[in-house]
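Novice: Residues per chain, in single letters:
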Amino acid sequence: MPAPARLPLGFAGLLAAVSIGIFAGSGLYTFSYAEGLSYLSDDPRACVNCHIMREQFDGWQKASHHARATCNDCHVPHDLIGKYTAKAVHGWRHSKGFTLNDFHEPIQILPEDLDIVRQNCMRCHGELVSHLADDDCIRCHSAVGHGPPR
Amino acid sequence: MAVAIVSALCTVGVMALFQNVSDRKAEARHDVLRLAPIDETTVDPKEWGKSFPRQYDAYLRTVDVERTRYGGSENIQKLDDDPLLRTIFAGYAFSIDYREERGHAYMLSDQRETERVTKKTQPGACLQCHASNLVAYRKAGLEGGAPGKLTDTLTSPEGLAQLQQGFEKLCAIPYDDATKTVDHPIACLDCHDPATLAVRVTRPGFLAGIRALAKSSEPVPHLPSIESWRKGSRARDYDPNQDASRQELRSMVCGQCHVEYYFKGEKKLLTYPWDNGLKVEQIEKHYDDEGFSDWTHADSGAKVLKAQHPEFEMWSQGIHARSGVACADCHMPYKREGALKFSDHHVRSPLLEPARSCQICHPYPEQEILARAAAIQDRTKKLLDAAEHATVDLIGALKRAKDSGVSDTDLEPARKLQRQAQFRADFIAAENSMGFHAPQESARILAEAIDFARQGQIALLQTTKK
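Sequence lines, in order, name chains X and Y.
Each residue of the first sequence is one higher than the last, beginning at 599 in my numbering.
Each residue of the second sequence is one higher than the last, beginning at 464 in my numbering.
To be clear, the hints were calculated from the coordinates, so they are not data collected in a lab.
You can trust all of the hints, since none of them are fake.
Derived list of chain X stretches under chain Y, where covered just means 3 residues or more per stretch with a C-beta under 8 Å from a C-beta of chain Y: (1) 608 to 622; (2) 628 to 635; (3) 688 to 701.
All values reported here derive from a predicted model rather than from experimental measurement.
No residue lacks a Cβ here, since even glycine has one placed at the ideal position from N, Cα and C.
Work out the full structure: start from the sequences and follow the hints.
Specialist: Listed below in structure tokens is the structure:
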């Protein structure tokens, strides 16, 4: 007689498998419900998913850089690792802030992120302005990205 | 087993996150749920609050009593704070009681209690700016034979006719009778159309004043709809509710009351003296042409003026107005709850919350922003002190000259100069920003005040020598 068919897992194993399945399923669903994939893209509309940056987005549509640069052109580095590291760091900080509602208003850029923006100014305009000692471009050109303050 | 428990807990976390994301999405989809009907007769803000709880909650907080360096909402007696005021206002109700005004919530009770009203007889005209009075005005208008019915849209020809007729009637009757027709301080209906919630202006005095301003030739670059009306056919009068942009209305609703005004003629019709423009000397010219004075000064015999609270006029001279910044941008800054954004209806000084009011445009630390504002206000206060001292010196000199028997004819030039000096000093003192709304204009006005007062003293010296 053949040996009785045995479950490949014991009861505990089955429970673990189902739990992991539920976790993975609900996690994936929440990720998709929260439009998680959009954050991996370069589409500026992803940045207003949470509505906090609505003013920056609206302002950008009226600003001089609108035709040439989107959010990611200025706000993340342009090497593969740098880009997704920055996206991960920003993503964690923003989603934590929006979920817990514990951020400073109006929102303000952090010094390290301001550095990224400056480097991106130089990425396009470097040839023209490399002789300038000070690369704090947006101190004066504050309206080029998000338009004039309202 | 342990794996199962951990993944179950993780799933709980994921579902909580799902709930949070879902809440935020719901907030973004709709923020208004109309729970109670409102129309042109709904005076009680509580009824509006059922559908607009965030705005209503913030509105209720105007009971808060907070202080800034030069302002605030404690009802301190200014006459004790600055004894010069007793001399400046000698012979007038403001020398009896001149308390700091408190928040919007107190506007009606403060007016009923002030000794300027309880010890002196005042007309119903005072009520235009201290109560939610649209329904009271319209009822009075309808009783007087105005067309239409109470539920007509206020801005319809019928509604406006009712409003104007009732306004004229209630201005003329005694305050004690007029105040019985109202129950609430300023409320939702006074600034919002109940059908669309759009911002609107409703005060008959303002509507007449801004029409007159539009007809003048004074440049008003900060009110572009007036400039464009002037360039048009002028087939009808300028009407802010038809012509002004939403951004202009976000200042005009405040300018309905935070202005210079007077009670014109026997009928005590509340009037904004804007037909020459909004600057202090243009307003003064209106009063001179009308032969108007608020009272005859007890010490000097000069026919003098009391400035009210010309915030709209001073804001009009400043850089913020010129840059398109409305009153509401700083005094009712946007507030966020979750994914919802709305105007904070807790109207108050931006100095109490510079992050939401100022940092939107000025990306500097709060302490730096406050220091910049304080620098403007401290400088204005020094000039104001000098102007008040100069005015009081002139009043003293006039009194001595009068007592020593100098004729009215000889006193007249110096009395005229007192009127000019005093009105200018008061224009800045009574204005609620200590110069901030228009720093250079404030300095100009105070410099003129000092100049006129000292010129008056010189004029008297020459009289006495004769």
